[in-house]
Structures are given as structure tokens and as C-alpha cells.
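**Q** Take a look at the letters that make up each chain.
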Amino acid sequence: MRHSRYFVALVLIGVMLGPVFYIIIGGFRTNSQITVDPAGLPDPWVIGNYTDVLTGDVFWRQVGNSTIVAVATTLGVVALGVMASYVLARYRFKGRAAMYALFAAGLMFPATVAITPLYILIKNLGLVNTLPGVILPQIAFGLPTTVIILVPFLRAIPRELEEAAAIDRCSRLGFFWRMVLPLSVPGLITVGILAFVNSWNSYLLPLFILNDQDGFTLPLGVQAFSSQYSVDTAKVLAFTSLSMIPALVFFSLFERRIVGGLTGAVKG
Amino acid sequence: MTVTEVRTGGGVRTPPPVRPRRRGIGWAQRLEIVALSGPAILVFIGFVIVPVAMAAYYGFYRWKGFGPPTDFVGLDNYVTILQDPAFHEALIHNGQIVVLSLIIQGPIAVGLALLLNQRMRGRSLIRVLIFVPYVIAEVIAGTAWALLLQSDGAVNGVLRSVGLDGLAQDWLSNPDLAIWTLMMILTWKYIGFAVILFLAGMQNIPEELSEAAAMDGATYWQTQWRITLPLLGPTIRIWAFLSIIGALQLFDLVYIIWGQYVASTAGTSTMATYMVTEGRNAANYGYGNAVAVVLFTISMIIALVYQRFVLRRDTEGHA
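Sequences listed follow chains A and B, in order.
So in my numbering, spot 173 of the first sequence is number 173, and the numbers just go up one at a time.
So in my numbering, spot 192 of the second sequence is number 192, and the numbers just go up one at a time.
Treat the hints loosely; a few may be bogus.
Stated by the list, open to error - Sample of chain A residues at the chain B side, in silico, Cβ under 8 Å:
1) PHE21
2) ILE23
3) PRO38
By construction, these hints were calculated from the structure, which means they are not laboratory data.
In this text, a Cβ means the ideal position worked out from N, Cα and C, and glycines have one as well.
One chain only, chain A, in its complex shape:
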């Protein structure tokens, strides 16, 4: 019983990480090694594939684009989301229920459904092939989850605090700025991480909006690279594993928050 538990865990890790290790290790092989023995270990290990990718500017440009898009999306989602959530959580006005329902319904609208009109809209705004053309819709599609997570969070801030602030002649906006924002930092980090990871991995929207190789984000870059070098499997593996690293580093830094955020999202 005791040993079987560890055995299952080991098999599990092997299955989950096997493909990941295959791409990383595969990048250290040559194409002829891969052709002769598709499942073998590198013999000898070559680092040429990795250094080629790292010394070229394509990879770094795409890392830059992805970073700009993800950071801007995250900032936008968090800023707009917390302001709207504050209104939904702490103000009483006609139409509040309707406003909440509007955002909640947004959970059901996948970007897939709206992708053609979105493309046309972005084209009419003159934003095709620009990073803002990806950022703005991503902020919009990130808002429903953000609002759903943040509203209960902001509602939980005790009313006494608000009253004490009012007695100290602190306006409602002052209260928002000085009390609500600092108190809700954990919630903001959670929604921020969700927005960042979603944006970093996002594929469909950039696929429609970015047609020019110079503007490609990493996911588009991986796809373009793998069709351009389809015969050079080893190089594709190197490029793919390098583009995996930022997300993995980010994930290992914020793993607790991501897991906590997901469970919080589902409970809310």
C-alpha cells in the first residue's frame, strides 16, 4: 500500500513531464540522431540548436512582444476590473444588478464566437498588426473573471472601516485609494496572474490580428518557426523549449497564487 502510492505518483510525474523533457532534451540532439532513434538520448549532446535560437533576433523580438502584450493586458484588466468591482461591491444604485449580470454573462462569451467581427472592428480602428489591437480585446475578455473574483473580495472589507474613514473626512474615492487598494492586494495579484498567463499563452486572437512576422507573439512564433523549419526537428524542439521557459519560471514563482486563484475563482 505504502509503496504503491509512491509508484503511482512516479508514473504520474513521468507521464505529465515526459513530453516536456522530450522537447527539452530533443533540442540537444541532431536531426540525424532523431531520425535514427526518435526516442533516444542525445549522443553526443549538442548545444548548437539552442545557441542558434538564442543568438538570433527572432526569438527575442517575440519574447519582447509577448511581454508587452501580457504586461499591458494585466495592468488593464486589473485597473479597470478593480474600479468596476469597487462600484459593484460598495455602491448602491439602480442598474447595479444589471451591470453585474452583464459581466457575469461575459463568462459565456468565448473569443472564438466573436473573432471575425473582432477582426473587422480592429481593422476599422486601424489596429491590425499592432499590439494594442491584441491588448484591448484581451482586457475586455479578461474582465468577467476579474469582476467575479474581486466583487466578493471587496464586499468583505468591513463597513466599519469605511465609516471610520468617513469620520476622518476621507472621501469615498480617498477611501478607495488609501484603504481598498492596499487591502485587496492579494486578490489583485490573483486576477493579475490569471490575466498574465492567459495572455502569455493566447493564440486565437493574435492569430487573427497579427499577420506580420515582426509583431508575432511567442505562440505564433513557435507555430511559424515549426512550419518554417519543419525538416529541422531538433531546432524546432530547441525553439519550443526555450519559449516554454518564461511561463514555467513565472509559474514556479507564483504557483501558490495561481492554484489559490483558481480555487478561489471556482468557489466565488
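Dock chain B against chain A, hints included.
**A** For chain B alone, kept in the frame of chain A given last:
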């Protein structure tokens, strides 16, 4: 809130000190509401609601995507969808993916969560590691699996090298097998999410319950079956909801693997990939948008029915 207001209003004759502040709701507060929520609402309506509404509008036109749509065909696109065998095939695939996701991923994830909920060495590291596939981008996961599963790829290579030549398959391009290959990849990618959810759900179950059951002589499995699983019900039902919606809208992995490496989605097409191949690649924008509307309507109906009949008992307790 209302209760306290009524009480102060009724009990005391002189207006309570809260009153002047309440009267201030007028202009200043209204301005705050607009200033704070305005940007979010504008962006949300502009880039979510309007495009969805436009999709519904374009669905009534035969339209190639150039200039304003002029060729109004009413419900023709929808009539065509009803008779379109390629759409039916995609719809059936979505149905298969929904059902298979639930019956494959659900039990495996519950089992793994039970395992990882026990005291064992390296437990937190294992939890992180099984979550890695979920964090990796779909494009990267798709590229990796496409290379692994090619007919001369690593999976077949391993099978042949251990003498199981018979098991080596055309994993991706055999249309009878492709849906199972896809299910395997989906399970790999998304099982970590389910396990993490279930573990969080199990953490909310008070330990006294299983301790009491153990005192009464219940075995480990009896305790899990009679206590943990029933109390995990709400978490499982929410996971199932997310899984169903995700399966209905599945696009990325299919489009990446079967669009790029196999050059045909035959056997794995979904409503979303069909929509994109029709709308974008075949320039039938009007028809593609009608497919989008059907996809949206199906998801919405299933979501509403599910919330009405399955999730209701979970939310009733809280309300």
C-alpha cells in the same frame, strides 16, 4: 443593510446622522460610479458585446468579408447548417469530447486527488509538477505532441524498441483513432486543473468527520466513498460545468495539431475549428458567423440548463 436602515429610521424620530451622507448619493456619487466603472463597461461592450452582436448580424448575410455585407439571406445560413454534414460531424465530435472528458478525466482526477491528499513525501512538489502541462501554452503542447505522435515519432519509436511493434499507430492521421489521441492529449493538458480543484475541495472537508468515521471502524475506502466523495459533490459539479463549456468551445489544440501537422481536421473537427476554417480560410464570413452563433447558443442553453438543474442545489444553501 436595509434592515438596519429601517430600524434606525423607525426607532428614532430625529434623522440619524447617516442621513446627510445618504442624500449626498446624488451627483458626486453618480459621477464616481461613472468614472470608476465607465472605462470597464466601455471596453467590455466595445470589444465583447458589440462583436458578439455583430456576429449575430453577419450570420444573416452571404458575405465574403469585403466591404459592407449586402447579400441578405435571412435564415438561409442556419438552414444550411442544419443540413451540413461537416457541421454535424463537428457537433458529434464536440459531444464525444464532452462525454469522454467527464468520464475519463473525472474519475482519474478524483483518484489522483485522493492519493495526493494523503500524507506522503514530496507531496507538494508532485502537486506543482502535475500542474505544469496546464500552464504550458496550447501551441507548445500541440507542437510537442505532434512531434511525439508522428508515425516515425518518439512514441512509436519507444513502442518498436521494446518490441511492441503491433501497438505502433498512425496516431494523428487515422480518423478512427484521432479522437482518442485528442482525448489523451486533452486529459494530459487539463487533468492537473481538475486535481488541484478537487484537492482544494477536500481541504474544506472537516477532518473530524473522517476521524469520527475511523473511530466507528470505517475503513479508508468506506470513509472516502461515504464522506469525502459526497462532500466533494459541489466541487465536482463546478468542475464538470467548466469542463463541458471548455469542451464545447475547444479550438486551440485541435487547430494547431490537426491544422498544421496533419493538414486535416477529419476525425477531430470541432464547431470552433469548423467555424474558423469556413469563415477565415474559405472566406465564407457570413456562414462562419452563423456557425459561431449556433456554437454560442448551444453553450448558453447547456449552461443555463446545467445551472438550473445541477448547480441549483449548491447555490441554494448559500443564498
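**Q** If you check each hint against the structure, which ones fail?
**A** 1
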